[in-house]
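Participant: So you can see what is in the structure, the chains are spelled out below.
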Amino acid sequence: MKRGQIYVTIVLLFLGMMIAVQVRSTRKFQQNAPTTRVQELTTRLQDVKDERDTLKDEVDNLRTKLDRISAGEETVNQAVRDELGKTRIEAGLAGVRGPGVQVILNDSPKELQPGENPNLYILHEEDLLKMVNELRAGGAEAISVNDQRLLATSEIRCAGNTILVNTKKIAPPIVMLATGDPDTLSSGLLIKGGIIESLRAWGLIAEVEKKKEITVPAFTGPITFNYSKPVK
Amino acid sequence: MWLPLLGLVIGIIIGLKSPSLPQTWAQYMSVTVLAAMDSVFGGIRAGMEKKFDDTIFITGFFSNVLLAAGLAYIGERVGVALYTAAIFAFGVRIFQNLAIIRRHILKK
Numbered sequence: 006m007k008r009g010q011i012y013v014t015i016v017l018l019f020l021g022m023m024i025a026v027q028v029r030s031t032r033k034f035q036q037n038a039p040t041t042r043v044q045e046l047t048t049r050l051q052d053v054k055d056e057r058d059t060l061k062d063e064v065d066n067l068r069t070k071l072d073r074i075s076a077g078e079e080t081v082n083q084a085v086r087d088e089l090g091k092t093r094i095e096a097g098l099a100g101v102r103g104p105g106v107q108v109i110l111n112d113s114p115k116e117l118q119p120g121e122n123p124n125l126y127i128l129h130e131e132d133l134l135k136m137v138n139e140l141r142a143g144g145a146e147a148i149s150v151n152d153q154r155l156l157a158t159s160e161i162r163c164a165g166n167t168i169l170v171n172t173k174k175i176a177p178p179i180v181m182l183a184t185g186d187p188d189t190l191s192s193g194l195l196i197k198g199g200i201i202e203s204l205r206a207w208g209l210i211a212e213v214e215k216k217k218e219i220t221v222p223a224f225t226g227p228i229t230f231n232y233s234k235p236v237k
Numbered sequence: 076m077w078l079p080l081l082g083l084v085i086g087i088i089i090g091l092k093s094p095s096l097p098q099t100w101a102q103y104m105s106v107t108v109l110a111a112m113d114s115v116f117g118g119i120r121a122g123m124e125k126k127f128d129d130t131i132f133i134t135g136f137f138s139n140v141l142l143a144a145g146l147a148y149i150g151e152r153v154g155v156a157l158y159t160a161a162i163f164a165f166g167v168r169i170f171q172n173l174a175i176i177r178r179h180i181l182k183k
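Heads up: the sequence lines are chains Y and D, in that order.
The numbers in the numbering used here rise by one with no breaks, and the one at position 47 of the first sequence is 52.
The numbers in the numbering used here rise by one with no breaks, and the one at position 85 of the second sequence is 160.
Treat the hints with caution; some may be incorrect.
Pair by pair, the computed Cβ-Cβ distance ranges are [as the list claims (entries may be wrong)]:
(1) D:Pro97 x Y:Thr41: 14 to 22 angstroms
(2) D:Phe163 x Y:Gly165: 47 to 55 angstroms
(3) Y:Thr41 x D:Thr159: 17 to 25 angstroms
(4) Y:Val180 x D:Glu151: 51 to 59 angstroms
(5) Y:Asp62 x D:Phe163: 53 to 61 angstroms
(6) Y:Ile11 x D:Lys182: 22 to 30 angstroms
(7) D:Ile149 x Y:Lys61: 47 to 55 angstroms
Covered stretches of chain D (in silico footprint by chain Y; criterion: 3 or more residues with CB under 8 angstroms from a CB of chain Y, positions within the stretch not fixed) [said to hold, decoys possible]:
(8) 77–83
(9) 99–111
(10) 114–122
(11) 126–140
(12) 153–162
No lab work stands behind these hints, which were simulated from the structure alone.
All residues carry an ideal CB built from backbone N, CA and C; glycine is no exception.
Modelling step: build the complete structure from the supplied sequences, incorporating the hints.
Facilitator: In structure tokens form, the structure reads like this:
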């Protein structure tokens, strides 16, 4: 019977071990998102992406249609067409070309020393805002940030570790294009104690280049006015 | 009597300390737990009937566990839920053994 007791002990030892492992792994798996939920979310993400793409196509379609109407129709007289063209440039719906400056901004390439605040050595949305402000003060007519045309309603906003422009995420290196008088624009940026100097003081990369011809892209998203009505 | 209980407690402690298994193994583990419980109840029943044989007990335990895990494995390979056969067989036997154990206790 003594041997039997040892056998029973061994068997119960195994049983206890297996039950404990099983209970633990079952509890762990219940904490994870069930696979069905993951699949559901994946499908929904795909759906929303598809929808977004269709809407983008639709916007493009309508734009070209509008272009064709404004270009082709005989009854629309020249003055109205000119006015429409000017308005579209102003609104940022038409890409523009002309002399201007190109500004390239990037985070500091310096290696961070222990104890240093990394926030001091990366680009912030305030830097972009100041830059845009300086360009506008210098008479820039059209500005784009990483291919996002800035409109009257455009935002430049910090969102986590990225910057949103026209609700699109942008990340360094940041290329800003601005049409206008190249000399005025670049001297406004490069002035002593100005924006470029203060960025370079932190080791950030900031380059200004005068260009004879740059192309500022058109705004590609939808523009909606849900709340505003024109005043008669 | 307390030696087997000590074994159970030590087993649970080892199980709690050991690294947990990947999710795919959880199914095999559930079947083998059932097989092990079947053996233990069978052993208790044999002990009550004064027919307990330690060799039969320990070989029965390991063969049950291995067969259950093997069935689950083959079942997964061929796409038939064979482990339900193991769950069914062991479940029925556990309840039968429990009924017999209960009668033995009540008769005393």
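Participant: Each hint needs a verdict: does it hold in this structure or not?
Facilitator: Right, here's what the structure says about each hint:
no., hint, verdict
1, D:Pro97 x Y:Thr41: 14 to 22 angstroms, "holds (19 angstroms)"
2, D:Phe163 x Y:Gly165: 47 to 55 angstroms, "holds (53 angstroms)"
3, Y:Thr41 x D:Thr159: 17 to 25 angstroms, "holds (21 angstroms)"
4, Y:Val180 x D:Glu151: 51 to 59 angstroms, "holds (55 angstroms)"
5, Y:Asp62 x D:Phe163: 53 to 61 angstroms, "holds (56 angstroms)"
6, Y:Ile11 x D:Lys182: 22 to 30 angstroms, "holds (29 angstroms)"
7, D:Ile149 x Y:Lys61: 47 to 55 angstroms, "holds (52 angstroms)"
8, 77–83, "holds (count 6)"
9, 99–111, "holds (count 7)"
10, 114–122, "holds (count 3)"
11, 126–140, "holds (count 6)"
12, 153–162, "violated (count 0)"
Hint 12 from the list above is the single one not met by this structure.
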